[in-house]
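Sequences listed follow chains C and B, in order. The first sequence maps to residues 1 to 281 in the UniProt record's numbering. The second sequence maps to residues 1 to 281 in the UniProt record's numbering.
Rather than coming from a laboratory, the hints here were simulated on the basis of the structure. Treat the numbers as computed from the prediction; the structure is a model and nothing was measured. Just so you know, even glycine gets a beta-carbon here, dropped at the ideal spot from N, CA and C. It cannot be assumed that every hint is accurate.
To be verified - Here are some of the chain C residues that sit facing chain B, going by a computed Cβ distance under 8 Å:
| # | residue |
| --- | --- |
| 1 | Thr-108 |
| 2 | His-144 |
| 3 | Met-146 |
| 4 | His-159 |
| 5 | Gly-221 |
| 6 | Val-224 |
| 7 | Asp-226 |
As the list claims (entries may be wrong) - Per label pair, the in silico range of CB-to-CB distance:
| # | chain 1 | residue 1 | chain 2 | residue 2 | range |
| --- | --- | --- | --- | --- | --- |
| 8 | B | Asp-235 | C | Ala-115 | 17 to 27 Å |
| 9 | B | Gly-57 | C | Gly-76 | 30 to 40 Å |
| 10 | C | Ala-228 | B | Asn-24 | 15 to 25 Å |
| 11 | B | Gly-75 | C | Glu-196 | 41 to 51 Å |
| 12 | C | Asp-112 | B | Tyr-214 | 36 to 46 Å |
Number of protein chains: 2
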Amino acid sequence: MPDLRRFAINQITTRDWTLEQAVNGYARQGVAGIGVWMEYLDAAGIGQGARLIRDAGLFVPCLCTSAWVNIADKGGFAAALAENRRRLDAAAEIGAPCLVIVPGGLATGEKDLAAARSRVIGALEELLPHARQVGVKLGLEPLHPMYAADRSCLNNFAHCLDLCRSLGDSAGIVADTYHCWWDAGFMPGLREAGPENILTFHLCDWLVPTRDLYHDRGMIGDGVVDFAAYKALLDEIGYDGPFEIELFSKFDWWLRDGDETVAASVERCAPFVAERRKVPC
Amino acid sequence: MPDLRRFAINQITTRDWTLEQAVNGYARQGVAGIGVWMEYLDAAGIGQGARLIRDAGLFVPCLCTSAWVNIADKGGFAAALAENRRRLDAAAEIGAPCLVIVPGGLATGEKDLAAARSRVIGALEELLPHARQVGVKLGLEPLHPMYAADRSCLNNFAHCLDLCRSLGDSAGIVADTYHCWWDAGFMPGLREAGPENILTFHLCDWLVPTRDLYHDRGMIGDGVVDFAAYKALLDEIGYDGPFEIELFSKFDWWLRDGDETVAASVERCAPFVAERRKVPC
Numbered sequence: 001m002p003d004l005r006r007f008a009i010n011q012i013t014t015r016d017w018t019l020e021q022a023v024n025g026y027a028r029q030g031v032a033g034i035g036v037w038m039e040y041l042d043a044a045g046i047g048q049g050a051r052l053i054r055d056a057g058l059f060v061p062c063l064c065t066s067a068w069v070n071i072a073d074k075g076g077f078a079a080a081l082a083e084n085r086r087r088l089d090a091a092a093e094i095g096a097p098c099l100v101i102v103p104g105g106l107a108t109g110e111k112d113l114a115a116a117r118s119r120v121i122g123a124l125e126e127l128l129p130h131a132r133q134v135g136v137k138l139g140l141e142p143l144h145p146m147y148a149a150d151r152s153c154l155n156n157f158a159h160c161l162d163l164c165r166s167l168g169d170s171a172g173i174v175a176d177t178y179h180c181w182w183d184a185g186f187m188p189g190l191r192e193a194g195p196e197n198i199l200t201f202h203l204c205d206w207l208v209p210t211r212d213l214y215h216d217r218g219m220i221g222d223g224v225v226d227f228a229a230y231k232a233l234l235d236e237i238g239y240d241g242p243f244e245i246e247l248f249s250k251f252d253w254w255l256r257d258g259d260e261t262v263a264a265s266v267e268r269c270a271p272f273v274a275e276r277r278k279v280p281c
Numbered sequence: 001m002p003d004l005r006r007f008a009i010n011q012i013t014t015r016d017w018t019l020e021q022a023v024n025g026y027a028r029q030g031v032a033g034i035g036v037w038m039e040y041l042d043a044a045g046i047g048q049g050a051r052l053i054r055d056a057g058l059f060v061p062c063l064c065t066s067a068w069v070n071i072a073d074k075g076g077f078a079a080a081l082a083e084n085r086r087r088l089d090a091a092a093e094i095g096a097p098c099l100v101i102v103p104g105g106l107a108t109g110e111k112d113l114a115a116a117r118s119r120v121i122g123a124l125e126e127l128l129p130h131a132r133q134v135g136v137k138l139g140l141e142p143l144h145p146m147y148a149a150d151r152s153c154l155n156n157f158a159h160c161l162d163l164c165r166s167l168g169d170s171a172g173i174v175a176d177t178y179h180c181w182w183d184a185g186f187m188p189g190l191r192e193a194g195p196e197n198i199l200t201f202h203l204c205d206w207l208v209p210t211r212d213l214y215h216d217r218g219m220i221g222d223g224v225v226d227f228a229a230y231k232a233l234l235d236e237i238g239y240d241g242p243f244e245i246e247l248f249s250k251f252d253w254w255l256r257d258g259d260e261t262v263a264a265s266v267e268r269c270a271p272f273v274a275e276r277r278k279v280p281c
């Protein structure tokens with residue numbers, strides 16, 4: 001039996017399942033955790049969703065994601081912050097230790113990426129007191145540079161780590177192999193961050209070729225990411241947090257039955273998610 | 001009349017034109033230079049291609065590109081180096097001051113990106129004496145991270161600049177807005193590089209959304225890149241080298257008549273390619 005105690009599936013991986021179906025489907029195959037998306041949680045109702053997860057005994061590594069704050073207009077920006085406070089509350093209610101920060105890229109018509117990045121820092125600073133109050137960390141996730149314009153302008157591990165430090169204890173890193181594998185600063189950055197600053201570790205492979213910028217992420221082992229090297233590094237630095245598979249896969253896994261995707265996720269991830277002490281070295 | 005003395009079109013922009021058609025088509029509309037691709041040059045014959053370009057009075061900012069060296073097998077690697085020496089010779093023959101280095105990513109089956117990067121550095125060191133001998137620089141082009149696996153494992157401006165420096169006078173930077181616009185180190189890196197290390201400056205816009213990883217690059221002004229900011233910075237640091245539009249556009253510009261693409265390139269780029277002294281500040 002694989003050791004799945006640290007293993008979660010991010011529910012976007014089984015896109016067509018409701019929260020209830022995902023909770024049950026993951027638990028049924030021994031997966032210990034579920035990465036929750038706000039849209040599915042809202043559809044279930046936050047209180048009801050929290051009960052479902054608790055009753056199934058699943059842990060929640062994170063809530064995905066923050067609302068975008070790439071809004072130049074002051075009223076719209078304030079509304080985005082309010083929505084983010086609501087999401088922090090929701091994360092607290094389902095026992096998620098962090099809200100994954102995907103803040104958007106450029107505002108409509110904007111070309112000044114440095115200004116967009118400043119706006120994000122300002123937004124995070126404004127959200128900090130509420131995050132602290134509800135006990136949910138801001139999980140900064142460096143996103144792949146191909147999303148800089150329209151998903152997140154945080155695209156570099158070292159910059160996110162710097163930002164984390166300036167934000168203090170209520171912020172941490174959400175690391176994702178898909179987004180960062182190309183970054184020469186990723187491995188040194190994980191080491192520098194240390195286990196205390198890595199909130200959850202997303203597993204996802206980079207396919208060659210990649211047929212779509214948004215929804216062609218690869219099942220573990222189908223691409224070029226060196227998962228064994230990451231596991232070894234994380235073990236070495238003493239990381240004992242969650243491992244969470246997260247796939248966006250419109251050509252492949254999203255087309256399959258959820259049970260099949262869960263089974264494949266378990267099989268492919270098992271070598272990389274065991275308890276640290278059980279890994280021979 | 002726009003001032004096009006520093007302006008070149010990279011011939012991949014008019015994909016369906018032969019070298020002869022491109023030379024004539026660009027010259028006809030007052031474009032001063034042509035960025036040449038090896039495949040078109042080979043098709044024309046190197047000597048004949050050189051004559052065509054010389055007779056039309058065009059300058060050549062660069063020859064695209066190096067042959068990939070992402071080959072773990074020693075014989076294959078040596079053959080790739082030999083091919084690159086042939087391309088350096090070809091660059092010299094057509095008066096191109098640099099060969100654009102696009103060295104490939106991971107070797108077949110390889111997952112160790114650091115090893116791939118080391119292999120590239122080794123290859124460049126081996127090519128240096130020949131580059132020096134024929135008077136053609138190795139033009140290191142940081143490529144977008146989405147190409148790290150299968151086009152080039154050089155994906156960060158600062159790293160390329162470091163590598164340039166370690167290689168010495170026979171290496172320089174080929175800067176491209178499409179590849180680097182997301183990189184917080186791009187503008188500071190251009191400043192740090194200084195005009196003497198920027199061999200040519202490629203103009204290309206990032207479209208939102210981008211529909212294809214390889215062939216959906218945007219005409220200047222159709223995307224999110226802040227060209228005015230780059231021109232201002234380059235003027236400020238005293239860059240007086242070429243500006244070169246380079247589009248891969250299978251949904252749009254590659255479908256149009258070459259003359260139309262050239263006319264649009266001239267119109268869109270004219271504000272950003274004038275002689276430095278003529279730019280009001």
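Here's how the hints hold up against the structure:
1. Thr-108: Interface hint status for Thr-108/C: violated (10 Å vs cutoff 8 Å).
2. His-144: holds, 7 Å
3. Met-146: holds, 5 Å
4. His-159: holds, 6 Å
5. Gly-221: Not OK, violated: Gly-221/C not within 8 Å of chain B, min 10 Å.
6. Val-224: holds, 5 Å
7. Asp-226: holds, 4 Å
8. Asp-235/B with Ala-115/C: 17 to 27 Å: holds, 21 Å
9. Gly-57/B with Gly-76/C: 30 to 40 Å: violated, 53 Å
10. Ala-228/C with Asn-24/B: 15 to 25 Å: With Cβ atoms ~55 Å apart, the hint is violated.
11. Gly-75/B with Glu-196/C: 41 to 51 Å: holds, 49 Å
12. Asp-112/C with Tyr-214/B: 36 to 46 Å: Cβ of Asp-112/C to Cβ of Tyr-214/B: about 27 Å, so the range 36 to 46 Å is violated.
Checked against the numbered hints given earlier, the structure breaks hints 1, 5, 9, 10 and 12 and satisfies all the rest.
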